[in-house]
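Residue numbers (our numbering), protein chains in the order written: chain B, 1 to 131; chain Y, 1 to 600.
Take every hint as true, because none was put in to throw you off.
Cut-off 20 Å, straight-line C-alpha distance, at most; resulting in silico cross-link-like pairs (DMTMM-like, lysine to aspartate or glutamate): (1) B:65 x B:41; (2) B:65 x Y:496; (3) Y:407 x B:17; (4) Y:183 x Y:143; (5) Y:112 x Y:99; (6) Y:463 x Y:498; (7) Y:361 x B:97; (8) Y:407 x B:19; (9) Y:463 x Y:496; (10) Y:361 x B:96; (11) Y:96 x Y:114; (12) B:65 x B:17; (13) B:65 x Y:363; (14) B:65 x B:19; (15) Y:112 x Y:86; (16) Y:96 x Y:149; (17) Y:68 x Y:58; (18) Y:407 x Y:419.
Cβ-to-Cβ under 8 Å is the rule here; a few derived chain Y residues that face chain B: (19) 369; (20) 370; (21) 376; (22) 381; (23) 384; (24) 392.
Chain B stretches covered by chain Y per the calculated footprint, using a threshold of three residues with CB under 8 Å from any CB of chain Y: (25) 9–21; (26) 87–96; (27) 113–121.
If you're looking for bench data, these hints aren't it; they were derived computationally from the structure. Bear in mind that the values here come from a model prediction, so they are computed numbers and not experimental data. Virtual Cβ for every residue (Gly too), placed ideally from N, Cα, C.
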Amino acid sequence: MTPQGPGDGRVLVVADDDEDILTLVRFRLEQADYEVLTARDGEEALRLILERLPDLAILDVRMPKLTGLEVTRRLREHGPTSQMPVMLLSASVQQEDLQRGFEMGANDYLRKPFNAQELVTRVEALIGAGQ
Amino acid sequence: MDADEPEVVRLGRRLDRARKARLEAERISEQITGELYEKQQELRAANARLKQETRVAEEAERAARESKERLQAILDNTRAIVYAKDVDYRYILVNKQFEELFGMSEQELVGKTDEDLLPPEAVEQVRANDRRVLETAEIVEQEEVVPRDGVPRTYLSIKVPLLDAAGTPYAVCAISTDITERKRAESYLHAQHAVTRVLAESAKQDDVMPSVLEALGESMGWEVGAFWSLDEDAGVLRCRELWHAPTLDLGEFGRLTLAVAFGRGEGLPGQAWESGQPIRIEAGLRESNLTRAPAAAALELDAAVALPIKSGAKTLGVIEFFSRETKTLGLDLMAMISSLSTQVGQFIERRQAERDADRLKDEFFSLVSHEFRTPLTSIIGFLELLLEEGEVELTDAERREFLAVIKRNSERLMRLVGDLLFVSGVEAGKFSLVEREVELADLARQSVEAATPAATARGIDLKLEIDGAPAVLGDSDRLAQLLDNLVSNAVKYTPEGEHVELRISAQPRQVVAEITNTGAYIPPEEVEHLFERFFRASTATTREVPGVGLGLAIARTIVHAHGGQLTVQSSREAGTTFRAALPPAAVRAAGSAVQGEVGT
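Input sequences plus hints: build the corresponding full structure.
What follows is the structure in structure tokens.
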């Protein structure tokens, strides 16, 4: 089947320690024709990203083993991934946390609970921009 | 004359003459005697008068002598220095104290002036006051600073003019009391008040040290003050605040102080830190072999004192002061500064605790926020999906799954809200327990059953053991919550493949519920904090186990409310065991009624 939607078969890595949220995000993005790979903690996420070099990484900030911020920082320090678009998901409302995310090198930040449409729109924007 | 005058007649005339002469003599004799007698009387009277006058004079003299002796006794027994000077400012009278002060007798002192006795600055002061008394004929009361054995002492002098009949001063009489100690005590009190006020007013201000240094330095008359803070990681003291009197330019000394870091025992601050006691240098700072001695010499700083600021046994920092003049750093001064530095130490600790509390609050809000938003994300997200039925193709299986997710997350939210309300309800003293006979064994079975799916999913072996379980008097819902709490905690924190066991047993006068999980270790330092609200053990945070840290606080509240004890033991080999010991119904009924507990 040839991918038709905006995703066009591009690859995303989504990492979140909450199983249900992972399911939700994957469902939505697969709907938009992205290929979604999932990870449940920061270490798994990093490994997966380095292995598959996706078009976008969507990372929950609060994760076991390595936080989303840590993963972002390492990606930025590593040549092949230093420019990779990164979106952080967070349940935090603090301005400082937002700031830290950008300082680490994230490109965008989505607050939970999020609107599904917004998620997809932002993903498109990030991948489009990266192109 | 007749020759024939008979002899008789001649004799008769001679007799007559003799008789007349004798009468005359007698008369004269009487007269003389009379006069003599009068004279004698007069003499006696004069004698008596003389004696009288002599007695009076002697009386007066004795009285005068007594009076003088009394006066002298007063003059000599007062601790004040009493003296009088004439209009040329020469001493005309001094008391014993004065003699002792100058090491000279009154005879030696009479006639001397202050130029002979005192250094020029002191003379100037004293002379000015004397002059004022003599010129204005008024009483002058002034403080005068006069050196004694090289140390300046402060005297309160009351100077009074002595006036002649015309009302003109002919001498100045003075009583001077040494108030050096009193002034010192006053300055200590002043310093204490100054610092206390600084600390009180700085309740919201982060950094009090500059104000403290200034307050202390100014009240005690020191020229330079420094606060060193202990950098625990590096194990050195670093100067964080430097104060100086406005008249001084710190120069090299200031630069050095700010640049150098002292380890334990190094430099003045390091010595204070190591010994835990104040270090005093009353004089001769510049000659010492301390690092900053040369720079101190350039500023003419001669005396120094360094005090550790402690909270309990822990040293937080050191404050030090420097002065140009020699200081008597007596025990009372040191005691005062020590108590002040303890106050400052406590203040710093309290401020730190406030900061920690603020941080905890922030962390709590962050945690709660996360714990609410996470399930909400799923609830809202999947509801959106279900409501888009038209645009999205969902299989029956998917629909069912999504609904289950929504339900599951809703329940999770409900539990969170329940926990939070429970905790705040306890705060307000608003919860009450139902009292009935409860079979812990039943509740235990239910808890284990509820926790089994989660346990199985993580390969954890969950077991229940009942070893006799007499009834307990209490609230069945709360006790169920207690067991659920402890069991699900155990399952959450146990690594995969390990074991969790819930054991109910009957002990003498106790019903005990023990939850043991292997493979999970809580270090001793954390054990004491485990039951605090919002506390999360390091194992929880590193592995990001979800939760806000209320579970154990709630568990303990419930146990206490039932008249029981909740304890924990943890070791690397055996794992962790939480032990709730409750009084059985029989014992409980005999005791007092159950009360809701406020704020464990």
